[in-house]
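Visitor: Sequence order for the protein chains is R and A.
Here the first sequence stands for residues 1 to 111, where the numbers follow my numbering.
Here the second sequence stands for residues 112 to 223, where the numbers follow my numbering.
There may be inaccurate statements among the hints.
[Unchecked claim] In silico DSSO-like pairs for lysine-lysine, Cα to Cα no more than 27 Å straight-line:
| no. | chain 1 | residue 1 | chain 2 | residue 2 |
| --- | --- | --- | --- | --- |
| 1 | R | 45 | A | 126 |
| 2 | R | 2 | A | 126 |
| 3 | R | 45 | A | 168 |
| 4 | A | 126 | A | 168 |
| 5 | A | 122 | A | 168 |
Because the hints were derived from the structure by calculation, they are not lab data.
Given the structure is predicted, the values throughout are model-derived calculations rather than measurements.
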Amino acid sequence: RKEVEQDPGPFNVPEGATVAFNCTYSNSASQSFFWYRQDCRKEPKLLMSVYSSGNEDGRFTAQLNRASQYISLLIRDSKLSDSATYLCVVIRGTGRRALTFGSGTRLQVQP
Amino acid sequence: GAGVSQSPSNKVTEKGKDVELRCDPISGHTALYWYRQRLGQGLEFLIYFQGNSAPDKSGLPSDRFSAERTGESVSTLTIQRTQQEDSAVYLCASSFQVNEQFFGPGTRLTVL
Chain R
1 RKEVEQDPGP FNVPEGATVA FNCTYSNSAS QSFFWYRQDC RKEPKLLMSV
51 YSSGNEDGRF TAQLNRASQY ISLLIRDSKL SDSATYLCVV IRGTGRRALT
101 FGSGTRLQVQ P
Chain A
112 GAGVSQSPSN KVTEKGKDVE LRCDPISGHT ALYWYRQRLG QGLEFLIYFQ
162 GNSAPDKSGL PSDRFSAERT GESVSTLTIQ RTQQEDSAVY LCASSFQVNE
212 QFFGPGTRLT VL
C-alpha cells in the first residue's frame, strides 16, 4: 500500500462547480499535511497547509481527519485557472523531514 | 527575491554517459531536497540535506546516483552510466521553515 494515496482523476467539472478531493495516508505518525498545486510541466507550489481544525483560504477549504487518516480539499466556484494537478503531501512525524507526495489528482475545469 | 534555480533546464544524453545536475537554493535555506518525477507520476524523494548533518540518502534508487552539497549553498546530483529509466524531471526544493518547500523549475533529463 502506498504511504499517500489519491484518486488520479481526472475530475472534469464545469466552471462554478464545487469539487472535492480526498487523500488517504497510512502512517499514523504523520504530523504535517499540505496541498500543493502543480500546473502542467511546471514545478509544484504550496497551495495551503492543512490544520486539524480545518482551514479556509478564499474558495479553498482543507480538512484533516486523523481518525480515518485522510485529508480533503474543497474548491468552491471553480475557475478555469483552477485546472491543475493537486498533490497531497504528508510529512512524517519523526526521522527525515521529507515530504511524501501523493501521485496527484488532476482537475480540469471546463467552460 | 530569487527563487530556486536549476541547470540545465533540459539535458539529452546517451545511455551510459554521466550527467550532473545543479541546484541553487534560496539564500538562507538550510534544507535542500532532490526529487524525481517520471511522466505522469508523482514525486519520488531522492535525497535530503539539512545544514551540516549527514544527508538522508534513503531515496537514491541505485549507487549510480550521488549528490553533494557545499555548506548551505549549491547542490549537484550526479547520475553515472545513465539508463533509459533515468529519464524524468529532476526537481530540487529548498526550505527554511521545514513546512514549506520552494521548488525549482526542474531539469528534464532524456536518456536515449
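Visitor: Each hint: holds or not?
Guide: Hints and how they fare:
Under the criterion of a C-alpha separation no larger than 27 Å, the hint pairing residue 45 of chain R with residue 126 of chain A is inconsistent with the structure, at around 32 Å. Note on residue 2 of chain R and residue 126 of chain A: the hinted pairing is violated, with a Cα-Cα distance of about 31 Å set against a maximum of 27 Å. Distance hint between residue 45 of chain R and residue 168 of chain A is fulfilled; the C-alpha atoms sit about 24 Å from each other, no more than 27 Å. With a CA separation close to 24 Å, the supplied pair residue 126 of chain A and residue 168 of chain A stays within the 27 Å bound.
With a C-alpha separation of about 23 Å, the suggested pairing of residue 122 of chain A with residue 168 of chain A holds against the 27 Å cut-off.
Taken one by one, the earlier hints fail for this structure at numbers 1 and 2, listed in ascending order.
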